[in-house]
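Number of protein chains: 2
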Amino acid sequence: MPVLKYYYDVLSQPARAVYIFLKLTKIPFEPHLVGLGKLEHLTDEFKQNLNRFQKIPFIHHGDFKLAESVAIVGYLSREYRNLVPDYLYPSDSKAQARVDEYLNWQHMNTRLCCASYFMYKWLLPLRTKSPPDQDKVEEAKSRMLSCLDEIEELWLGQGHKYITGNTVSVADIFAASELEQPRLAGFDPTEGRPVLKAWLDSVKKDCNPYYDEAHIVLNKIVNKQKAKL
Amino acid sequence: MPVLKYYYDVLSQPARAVYIFLKLTKIPFEPHLVGLGKLEHLTDEFKQNLNRFQKIPFIHHGDFKLAESVAIVGYLSREYRNLVPDYLYPSDSKAQARVDEYLNWQHMNTRLCCASYFMYKWLLPLRTKSPPDQDKVEEAKSRMLSCLDEIEELWLGQGHKYITGNTVSVADIFAASELEQPRLAGFDPTEGRPVLKAWLDSVKKDCNPYYDEAHIVLNKIVNKQKAKL
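So the sequences go chain by chain: A and B. Per UniProt numbering, the very first residue in the first sequence carries number 1; after that it's consecutive. Per UniProt numbering, the very first residue in the second sequence carries number 1; after that it's consecutive.
No lab work stands behind these hints, which were simulated from the structure alone. Incorrect hints may appear among the rest.
All copies of an identical chain are treated as equivalent in the list; a pair is satisfied when it fits inside any one copy or across any two copies.
With a straight-line cut-off of 35 Å between C-alpha atoms, the simulated DSBU-like cross-links for lysine-lysine are [said to hold, decoys possible]:
| no. | residue 1 | residue 2 |
| --- | --- | --- |
| 1 | 228 | 5 |
| 2 | 204 | 224 |
| 3 | 5 | 136 |
| 4 | 26 | 224 |
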C-alpha cells in the first residue's frame with residue numbers, strides 16, 4: 001500500500017471529521033498541516049502541485065490525489081476495509097445507503113447552515129476588520145436554527161440513538177464536527193436542546209480521545225474568547 | 001428483488017438525473033409522479049407516509065425508503081450491479097472515488113449556484129407574484145458564472161472529455177441536469193463557452209433518447225417563454 005498523505009487544518013470542519021476517522025480506524029497516514037489562517041492553500045504553487053481546488057482536506061495516496069471529505073472516507077473505507085469497523089462506514093448496502101443519505105443531505109443543510117453563520121458572524125469580520133453584516137448574520141442564524149430542528153426531528157427523532165442507527169458512524173462524526181464550528185462565533189448549538197446534547201456527548205465519548213484531540217485548537221479559541229467577555 | 005418505486009418530478013434537477021440513470025441502465029421501476037408545482041410534497045400525509053424530508057427524488061425499494069439522489073445512485077449501483085455499466089458508476093475504487101469527488105463537490109457548487117439563480121430569478125417571483133430581488137439575482141448570477149468557470153477549468157480542463165474521465169458517468173448526468181435549470185430563467189450556460197457546449201452535446205448524445213425525454217417539460221417551458229418575447 002502506498003503512503004497516505006493527509007493534508008488538513010483542524011480549523012476546517014470536514015478536515016476534523018476525516019482526522020477523527022483516520023485516528024479511530026488507525027489507518028496509517030503522514031500528516032501535512034495546511035495553515036488556513038495563513039492562506040497557504042491559496043498560492044499558485046499549492047494549486048499546481050497539491051490540490052487544484054485549493055481547499056482542504058485532501059489526500060495523496062501514492063500518485064492518486066483526492067479531494068472532498070465524503071469521497072475520501074468512501075475511498076479509504078474500500079482501500080482499508082480491514083481497518084474500518086463496519087459500524088463506522090457499513091459494508092451492508094442498505095446501512096451504507098443510510099449513512100450516504102446523511103452525508104449527502106448535510107452539504108446543503110448542516111454544513112451550509114453552520115458554516116454560513118460562522119462565516120458571517122466570525123470569519124468575514126476577522127478577515128475584513130469590519131463589523132458583521134447583521135442582516136446576513138440573522139438570516140444565517142435563522143436557517144441554522146431550522147437546520148438544528150431538522151437534525152433533531154428528521155434524524156435523531158427516528159427512534160435510534162445516532163444519526164443513522166444505534167451505533168456511531170461517520171455520519172455522526174461529520175455532523176458533530178460541523179456543529180462545533182458556530183461555537184467559535186459564540187453560539188452553542190446544544191443550548192436548550194437536550195436531545196442534541198445527549199447525542200453529541202455520546203459521539204464525543206465514542207470518538208475520544210481523538211474527538212477532543214481534533215478540537216483542541218477550536219476549544220482554545222472558544223475559551224480565550226469567553227475569558228475576554 | 002422487491003418492486004422499486006421512483007418518486008419524482010422532471011422539473012427537479014436531481015430527479016431528472018436519477019431518471020436518466022434508471023432509463024439508461026434499464027433498472028425496472030414503477031414511476032410515481034409528485035407535482036412540485038402543486039406542492040404535493042408539502043402535505044402532512046406526504047411527510048408521514050412517503051418521505052419525511054418532503055423533497056424529491058426518493059425511492060421505496062420494498063420496505064426500504066431512501067432520499068438524496070447521490071445516495072440513491074450509489075445504492076442502486078450496488079443492488080443492480082449487473083445492470084449498471086461500469087462507466088456510468090465505476091466499481092474500481094479509484095474511478096469510483098473520482099466520480100464521488102464530483103458528486104460531493106457539486107452540492108455546494110453546480111447545484112447550489114445554478115439552483116440559487118433559478119430560484120431568485122424565476123421560481124420565487126412566480127410563487128410570490130412579485131418582481132425578482134435584483135441584488136440577489138445579480139449575486140447568484142455572479143456565483144453561477146464563477147462556478148461555470150470552475151467546471152471548465154477544474155473538471156473539463158483536466159485533459160479528459162467528460163467530468164471525471166473519457167467516458168460519460170453519473171457525474172456528467174448530474175452536472176448536465178443542473179446546468180439545464182437556469183435555462184428556465186432565460187440563461188444559457190453554454191453561451192460563449194465552446195468547451196462546455198461540446199461536453200454537454202456529448203452527454204446528451206450518450207444519454208439519448210432519455211436525456212431529451214427527461215427534459216421535454218423543461219424545453220417546452222423554455223420555448224414557450226422564448227415565443228412570448
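request  = Measure nothing new, just compare the shortest in-copy and cross-copy C-alpha distances for residue 204 and residue 224 to 35 Å and report within, between, both or neither.
outcome  = This pair counts as within: shortest intra-copy Cα distance 22 Å, inter-copy 55 Å.
task = At 35 Å max between alpha carbons, let me know whether residue 5 reaches residue 136 within a copy, between copies, both or neither.
result = Answer is neither; intra-copy 37 Å and inter-copy 41 Å both fail.
task = Using 35 Å as the alpha carbon limit, work out where residue 26 and residue 224 are close: within a copy, between copies, both or neither.
result = So residue 26 and residue 224 pass the 35 Å test inside one copy only (32 Å; across, 59 Å).
request  = Classify it for me, residue 228 with residue 5: is the Cα-Cα distance of at most 35 Å met within a copy, between copies, both or neither?
outcome  = neither (38 Å within a copy, 57 Å between copies)
Checked against the numbered hints listed earlier, the structure breaks hints 1, 3; every other hint is satisfied.
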